[in-house]
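Here the protein sequences line up with chains A and B, keeping their order. Under UniProt numbering, the first sequence has 94 at position 94, and the numbering climbs by one with no breaks. Under UniProt numbering, the second sequence has 41 at position 41, and the numbering climbs by one with no breaks.
Don't read these hints as lab results, they were simulated from the structure. Some clues are possibly wrong.
Heads up, simulated DSSO-like pairs for lysine-lysine below, C-alpha to C-alpha not over 30 angstroms straight-line [said to hold, decoys possible]:
(1) B:Lys-19 x A:Lys-38
(2) A:Lys-38 x A:Lys-93
(3) A:Lys-9 x A:Lys-38
(4) B:Lys-38 x A:Lys-19
(5) A:Lys-93 x B:Lys-9
Okay, the calculated bits of chain B under chain A, using three or more residues with CB under 8 angstroms as the criterion [as the list claims (entries may be wrong)]:
(6) 29 to 38
(7) 46 to 53
(8) 57 to 64
Here are some chain A residues the structure puts well away from chain B; computed CB gaps all over 12 angstroms [to be verified]:
(9) Lys-19
(10) Thr-41
(11) Arg-45
(12) Thr-75
(13) Leu-77
(14) Tyr-101
All C-beta atoms, glycine included, are put in the ideal place defined by N, C-alpha and C.
Protein chains: 2
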Amino acid sequence: MVLQRIGDKWTPLVFQVLKDGPQRFSAIRAAVQGVTPKVLTQTLRTLERDGLVSRTIFAEVPPRVEYGLTPLGQTLLGPLDAVRAWAEEHAGKILQSRQDYDDQAEASTAVVSK
Amino acid sequence: MVLQRIGDKWTPLVFQVLKDGPQRFSAIRAAVQGVTPKVLTQTLRTLERDGLVSRTIFAEVPPRVEYGLTPLGQTLLGPLDAVRAWAEEHAGKILQSRQDYDDQAEASTAVVSK
Chain A
1 MVLQRIGDKW
11 TPLVFQVLKD
21 GPQRFSAIRA
31 AVQGVTPKVL
41 TQTLRTLERD
51 GLVSRTIFAE
61 VPPRVEYGLT
71 PLGQTLLGPL
81 DAVRAWAEEH
91 AGKILQSRQD
101 YDDQAEASTA
111 VVSK
Chain B
1 MVLQRIGDKW
11 TPLVFQVLKD
21 GPQRFSAIRA
31 AVQGVTPKVL
41 TQTLRTLERD
51 GLVSRTIFAE
61 VPPRVEYGLT
71 PLGQTLLGPL
81 DAVRAWAEEH
91 AGKILQSRQD
101 YDDQAEASTA
111 VVSK
């Protein structure tokens, strides 16, 4: 499911880091809070396999590796921005709704157990 | 993570069914291919908790229950459409990229094992 790629927790954050240009693994990791090296490696490999991210190895000593958005990856920036803007605008209402829902569920459990 | 809601496999499909108006559980289930009653129940409950879907019980015999998008849920239709349009347009390239990636990985494994 291609759509699931977008809801993957780390993909939008990796895109946010790469949208201004290629970066090294360590720079991506520093910018994406909370991601472990193992999960970031897996996320980058998945995005590379999808053709959304490129991996370039520079023949230096030691070799340098950079990750960047491919032209296909660049096309995803627009929809991702729309989703992130929506989430930022509405996160407060959603969190409040969750709180109200949980309070109500708790209240009705309390009534039942009386 | 509010963003993950959008990447959840079933949320975009449920939204697609509800965007034209409230529906009963059985109608949603019939329209969303492959979803089990248990998963659909959980998805609808999660969306209700987020304030994106409303659940209305009609005092009939037997009681009728309908699910519909709330005003907050309606605001998510735009970003979801952007993401779905992107996925439909680019799914072919992504699937091809995955095939190429896997073929290449297989070829390099074959060379190593010679």
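Which hint numbers doesn't this structure obey?
Per hint list: 1, 2, 4, 6, 8, 11, 12, 13 and 14 violated.
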